[in-house]
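Hints are included, so try docking the two chains, each in its own frame, into the full complex.
First to last, the protein sequences are chains Y and R. With positions in the first sequence counted from 1, the corresponding number in this note's numbering is that position plus 29. With positions in the second sequence counted from 1, the corresponding number in this note's numbering is that position plus 90.
Hints listed in this document are in silico derivations from the structure and should not be mistaken for laboratory results. Keep in mind it's a predicted model, so treat the numbers as computed, not measured. You may find that some hints are simply not true.
Said to hold, decoys possible - Subject to a maximum C-alpha distance of 25 Å in a straight line, what follows is the list of computed SDA-like cross-link-like pairs (lysine to any residue):
(1) Lys234/R with Asp166/R
(2) Lys154/R with Phe75/Y
(3) Lys234/R with Glu266/R
(4) Lys211/R with Ile308/Y
(5) Lys264/R with Asn215/Y
(6) Lys154/R with Gly280/Y
To be verified - On the chain R side, residues computed to face chain Y include the following (Cβ under 7 Å):
(7) Gly100
(8) Leu102
(9) Gln113
(10) Ser156
(11) Ser158
(12) Ser177
(13) Thr178
(14) Pro185
(15) Pro187
(16) Glu188
(17) Thr189
(18) Ser191
(19) Arg208
Quick reminder that beta carbons are idealized off the backbone N, C-alpha and C, glycines included.
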Amino acid sequence: MMPHSTNRFRFIDVSRILGIALMYYGHTIESLMKTGNETAAMHYKFIYSFHMPLFFILSGYLASTALDSKGWSLFLRKQALSRLLPYAMFTGLLLLPTLIFPSQSVGLDLTTVDGYTKGLLATFVGGFPMFNIPTWFLICIFVVELLHYGCRRFLLTRISTVGLCLSIYVVGSVSAWYATWLNPLNMLGPNGLILPYFMLLEALTGYAFYLFGLILKDLGFFRHFETTVRQFGLMFVCLFLVVYLYDLNQGMFTLPTYDAVVMAGSSHGNPILFPITAILGSIAVMIAGRLLSGSQVLQFLGANTLVIFALNGAFYHFTNDPLARWIHPYLAADGIFVFVYGVLVSGLSLGLTIPVLIVCNRWIPQLIGRPGTEGPILPRLLDNAS
Amino acid sequence: MVGIAVIGVGGLIHYNLNTYRNQYEPRIYTLMPTKELVLTIEGNPEYTFDTALLTFHSVGRLLKLSPSYFSGRYDDWESRSDRSNQSTTVDYVRPVPETLSSLGTIRDTDTVTLRLQRRDKTRIAELRHQGPYASIPESILRLKQFIASRDHDIHGFYEEVYLIFEAMEQDPLKFETLLRFEVRPTSKIAGE
Numbered sequence: 030m031m032p033h034s035t036n037r038f039r040f041i042d043v044s045r046i047l048g049i050a051l052m053y054y055g056h057t058i059e060s061l062m063k064t065g066n067e068t069a070a071m072h073y074k075f076i077y078s079f080h081m082p083l084f085f086i087l088s089g090y091l092a093s094t095a096l097d098s099k100g101w102s103l104f105l106r107k108q109a110l111s112r113l114l115p116y117a118m119f120t121g122l123l124l125l126p127t128l129i130f131p132s133q134s135v136g137l138d139l140t141t142v143d144g145y146t147k148g149l150l151a152t153f154v155g156g157f158p159m160f161n162i163p164t165w166f167l168i169c170i171f172v173v174e175l176l177h178y179g180c181r182r183f184l185l186t187r188i189s190t191v192g193l194c195l196s197i198y199v200v201g202s203v204s205a206w207y208a209t210w211l212n213p214l215n216m217l218g219p220n221g222l223i224l225p226y227f228m229l230l231e232a233l234t235g236y237a238f239y240l241f242g243l244i245l246k247d248l249g250f251f252r253h254f255e256t257t258v259r260q261f262g263l264m265f266v267c268l269f270l271v272v273y274l275y276d277l278n279q280g281m282f283t284l285p286t287y288d289a290v291v292m293a294g295s296s297h298g299n300p301i302l303f304p305i306t307a308i309l310g311s312i313a314v315m316i317a318g319r320l321l322s323g324s325q326v327l328q329f330l331g332a333n334t335l336v337i338f339a340l341n342g343a344f345y346h347f348t349n350d351p352l353a354r355w356i357h358p359y360l361a362a363d364g365i366f367v368f369v370y371g372v373l374v375s376g377l378s379l380g381l382t383i384p385v386l387i388v389c390n391r392w393i394p395q396l397i398g399r400p401g402t403e404g405p406i407l408p409r410l411l412d413n414a415s
Numbered sequence: 091m092v093g094i095a096v097i098g099v100g101g102l103i104h105y106n107l108n109t110y111r112n113q114y115e116p117r118i119y120t121l122m123p124t125k126e127l128v129l130t131i132e133g134n135p136e137y138t139f140d141t142a143l144l145t146f147h148s149v150g151r152l153l154k155l156s157p158s159y160f161s162g163r164y165d166d167w168e169s170r171s172d173r174s175n176q177s178t179t180v181d182y183v184r185p186v187p188e189t190l191s192s193l194g195t196i197r198d199t200d201t202v203t204l205r206l207q208r209r210d211k212t213r214i215a216e217l218r219h220q221g222p223y224a225s226i227p228e229s230i231l232r233l234k235q236f237i238a239s240r241d242h243d244i245h246g247f248y249e250e251v252y253l254i255f256e257a258m259e260q261d262p263l264k265f266e267t268l269l270r271f272e273v274r275p276t277s278k279i280a281g282e
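So here's chain R without its partners, still in its complex pose (with noise of 0.2 Å):
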């Protein structure tokens, strides 16, 4: 009994301190099915993401969703990080209840276009990302590497998670955003 007791607790120690140290390495794993919301918005994303904000805030008191976090959805890495391009297209995502069937008399915009899609089971290379978006980018060096060396191939898009940013946080030293790059095995590739 005390055997299974001390592995139990060491097991627990060492799994914890693990998790804790690498809580900002890279990782891949697979995203459950969801249905989503999804804003399409043009324009200069340093703008259309305080419009996405307003847009969530008030198209969740009317359809009476729970809070969630939201996110950013590229095509891919290059449309986000081209800041010579004012006018790129982003989809921003929150998830919601299958219950919700429609977004009722809720109407598109000039600028914003609403519409519910099922995200099915989908492969992810993440990594948690601390700090301003002006670094990023190196972020996105050190997933790109990590995910090569995991024999995975982008493919897909290239979405950022908000979970600590300027609504809630001034200092953006402590803005905290998910990277998250749609991938698939080499070996799937090269199978093709």
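Chain Y on its own, in the form it takes in the complex (with noise of 0.2 Å):
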């Protein structure tokens, strides 16, 4: 049976497959940046200021604070069926095509023994899914959660859950900037050691925006915008507020030649612009998915997020860039002919992921972070109990 939403976070289902729009559209627009195109740069700069924290907040607004009975290792086994093995199952699946199609991949050389080697270790030890690259956040919200678990028996009160996220950020920041030893795009220079990184570093920041979304559901603030007028009047002033901030976050950036916010490189720039470009824009997302949650197709898609999130990948690293390369002389540089393109294009591999999520969902639903389901080939591998 198709996993569908709930009524009760039926939006957060709808805002989750809107950020995952927006991630096929920020993917699409990076390939068509990398030829050069400045217009594409700037769409990348406005989607990244905020897309990725959208998507911490909505499982932090999702999160609870009740300490777990039921232990450390069943939480812990729980997480990893969910969160490492659609990991590993996406970054096997991905790693097939590159034995055709070796140069595709991110700063791997393919066509050699050792470069598979750095890649697999990279992916397994060192947690950064070198195959997949959109999977990092798999990573990275698994370490999340794992935080939040030996956190959450401190935030008895809204002001400790505000301290708590507040200075997470502080040190999250702070670690990105000065602990770069920490950050696992390290491995991928040519004499990049492999280490456990697994996102450490950006699951600190990750976590400020978990627990911000935590904060928005502690306070009913979308109760406060029930009518469609309140709310088209926050998502325009949120969205007006963005298109008029991002650009002033002007860095310093970790990454020189990425002029944006890439929480994947824990590249976030200015400290205090960062995060609130991240918040208006999530909230102005979170707001559209509330105006569209009685879409049936959206409810459908935003309930099965992950397998369309991992599958950005096989965009990502095989379609994307040649097919940019190949409209850039016929693309000019306008802000129009760059959005048509970028929305052809993600809506097109975003249409093309449905029939594998139907086929993940029928016949092997326990490998795409459902552990606890029956299936026709694989047993539950979690009782629903636990």
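This is the structure in structure tokens:
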């Protein structure tokens, strides 16, 4: 049976798929940016100013502060099966095409055995998915959830949650700039050593956004915006502010060639403007999610985001770059053309994932984040009670 | 499970030891395309280096560029090594983001010409040189031998990427410089 949204958090699922659509758009545009299209670079900077923090905020919105009575090992097993197992599966899935198209993987020379050794070690020991870059989020959210498991006994009051959120943001920001030895991108260089980074550096900032989501829910923030007029009003105000603010974030970024927030590389730029644009943009998407929460199609896609999310790697690694190189001479650096190209390519890519999503849901639900489901091939990996 | 863990840890140790041991060995690989800020300066490289350093610092502040390494790019190694020539033209280069579309109000000076350009995908041979600049020729000889042994040919620029240099480190023995030649496979030349 296909999973679908429950009424209570239907808008979260819809917001999630809207965020994923933004991610597809961002990755399509990134390839165009790499061909030298300056307009695409501005679109990229705009999307990246908030789209990844959105996923952390949405996860936090669904998080609980109640203490878990089931114990550490069960929790770890559940999270590993629903985060790390799909990470491993989608890495395996995208590793196979590299045997035919070896030149398409980032930072790896896959014409040699050394290249594969480095890629596999970085993926499974370093915790950075070299064969499927977008899935870094699965590792990061896994670490964030472990942090939350450890910290939630201290989140007894709203003040303590806000306090932890602010302090961990400061620690995350300072570490992102000064603790570069913890940055998993160190592995990408020709002399990069493989160490168990596991996105720990970015998990600190991610956890701050996660706690912000928790605070939003605790405050009942969206209850103040129940009418459509208020929702549209808030969404446009937030979007206007993001448009106004995103390019004011001029760094300093830790990646010199990316003048934009890149959470995968812990490059945030200005530590004050970054969270402001991230929060405003995320609220705008969440409001859009509320406005569109009646859509059955979006609900269906929103309840199956893990597969759509992870399959973005296929386009990121194999089709976006060649397509961008092909279209580049014909595409003017005009905002509308770039936007239409981005929407068409990302929409098509997203549509192509739906058959795979249906097959995965039907045959191997245990491997795509639902370990407690009985399937036709594999048994349930986790007792539902746990 | 234990077997997989043993293979994983064994592979990790082996890979890291190998990488650590080979960090000063030459290699051939491909640089990804990027946008660059280029300062063309004519003069004695002993002095133009300082001019480039100061200019990058000032321009970086004006354009709000994030910190980055920079390099000196020459037409060929000979133009770098010829100390009798007091007026070598050098392109000092640093990567910049794609969003940087113009240099704004920054203008050329009598000695420095600035421009933005794109560097395409480039195949290079590279060696990490540790020590003073005076010992670079020995490393160049080693790099050239390596290029020939890998059936490649020098075809294009010679570049020095300054990782650790005098502005950061007093002791020349601790300087680190990446030495690069643009190369292409010999078979490609024969096929032309």
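Quick rundown of the hints versus the structure:
no. : hint                   : result
1   : Lys234/R with Asp166/R : 13 Å, holds
2   : Lys154/R with Phe75/Y  : 18 Å, holds
3   : Lys234/R with Glu266/R : 19 Å, holds
4   : Lys211/R with Ile308/Y : 37 Å, violated
5   : Lys264/R with Asn215/Y : 21 Å, holds
6   : Lys154/R with Gly280/Y : 7 Å, holds
7   : Gly100                 : 11 Å, violated
8   : Leu102                 : 5 Å, holds
9   : Gln113                 : 4 Å, holds
10  : Ser156                 : 4 Å, holds
11  : Ser158                 : 3 Å, holds
12  : Ser177                 : 31 Å, violated
13  : Thr178                 : 26 Å, violated
14  : Pro185                 : 5 Å, holds
15  : Pro187                 : 3 Å, holds
16  : Glu188                 : 4 Å, holds
17  : Thr189                 : 4 Å, holds
18  : Ser191                 : 5 Å, holds
19  : Arg208                 : 5 Å, holds
Going through the hint list in order, the structure does not satisfy hints 4, 7, 12 and 13.
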